[in-house]
Amino acid sequence: MLAPDEPGLFVARLEAIGAPYMVTGATAAILYGQPRVTNDLDVVISLDDPARGALLRAFPETDFYVPPESVIRVEQARPQRGHFNLIHHESGYKADIYLAGTDPLHAWALPRRRRVRWDDTLEMSVASPEYVVLRKLEFFREGRSSKHPADIRAICETTGVDESTIAPWLERMGLADLWRELRPE
4 MLAPDEPGLF
14 VARLEAIGAP
24 YMVTGATAAI
34 LYGQPRVTND
44 LDVVISLDDP
54 ARGALLRAFP
64 ETDFYVPPES
74 VIRVEQARPQ
84 RGHFNLIHHE
94 SGYKADIYLA
104 GTDPLHAWAL
114 PRRRRVRWDD
124 TLEMSVASPE
134 YVVLRKLEFF
144 REGRSSKHPA
154 DIRAICETTG
164 VDESTIAPWL
174 ERMGLADLWR
184 ELRPE
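Numbering (the working numbering), first residue to last: 4 to 188.
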């Protein structure tokens, strides 16, 4: 489980940037499912050039490891799977930043993100449970980590997933059989 202040190290600054973002991965699974341990914050962000400058200003190098702007530019140029890390020096807590690029699933999911309260002081944009389940199915297919099926089941049982919403994506992504295998009855 995350300490209450760990997501806040990054979320308040992401909010200030003003670019569309959504927390996903284990943090979203915790919010929609059940508590578990995670070592980082996964974030998808739509980062254009002005937002890149705002991001660099929002995460000062005195407090965070931030890759050089040239590295972020290279990652921005990728149509899919652009990625970099931000690391808080004092705590070692890390944010994996995934760039929306032209990924069609990101384009579908960003407008569907939800505002979710993490604690008494922090509200953040979080990917929909449908997006989280789709990505976790994809990551399970790629790496077979047991945490993904457990997260999927917990999300389905605790929050629920609109199957009619994900059905076209399951087919498009070749995940329909895996979904039938893993979804709770």
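In case anyone wonders, no lab produced these hints; they're calculated from the structure. Incorrect hints may have been included.
Computed beta-carbon distance windows for the label pairs [as the list claims (entries may be wrong)]: (1) Val119 x Ser49: 11 to 21 Å; (2) Glu188 x Glu72: 28 to 38 Å; (3) Glu18 x Arg186: 16 to 26 Å; (4) Glu174 x Asp8: 20 to 30 Å; (5) Asp99 x Leu125: 17 to 27 Å; (6) Pro53 x Arg156: 22 to 32 Å; (7) Gly95 x Ala179: 16 to 26 Å; (8) Glu126 x Arg39: 33 to 43 Å; (9) Asp165 x Thr65: 16 to 26 Å.
We put the beta carbon where it would ideally sit given N, CA and C, even for glycine.
Query raised in the report: Between Glu174 and Asp8, does the beta-carbon spacing fit 20 to 30 Å?
Result: Because 41 Å falls outside the window, the suggested range is violated.
**Report entry** Satisfaction of the hinted span 22 to 32 Å by the C-beta atoms belonging to Pro53 and Arg156
**Finding:** Violated - the Cβ-Cβ distance for Pro53 and Arg156, about 41 Å, lies outside 22 to 32 Å.
Query raised in the report: Between Gly95 and Ala179, does the beta-carbon spacing fit 16 to 26 Å?
Result: Hint violated: Cβ distance 39 Å, outside 16 to 26 Å.
Query raised in the report: Taking the CB of Asp165 and the CB of Thr65, does the distance hold inside 16 to 26 Å?
Result: 44 Å, violated
Query - Hint check for Glu72 and Glu188 - Cβ pair distance inside 28 to 38 Å - result: 50 Å Cβ-Cβ, so the 28 to 38 Å window is violated.
**Report entry** Glu126 versus Arg39 beta-carbon gap, inside 33 to 43 Å or not
**Finding:** Cβ of Glu126 to Cβ of Arg39: about 22 Å, so the range 33 to 43 Å is violated.
Query raised in the report: Has the hinted range 17 to 27 Å been met by the Cβ atoms of Asp99 and Leu125?
Result: 19 Å, holds
Query raised in the report: When you take the CB atoms of Glu18 and Arg186, is the distance between them in 16 to 26 Å?
Result: 33 Å, violated
Requested in this report: Check the following: the C-beta atoms of Val119 and Ser49 are separated by a distance inside 11 to 21 Å.
Outcome: With Cβ atoms ~19 Å apart, the hint holds.
Comparing the model with each numbered hint stated earlier shows that hints 2, 3, 4, 6, 7, 8 and 9 do not hold.
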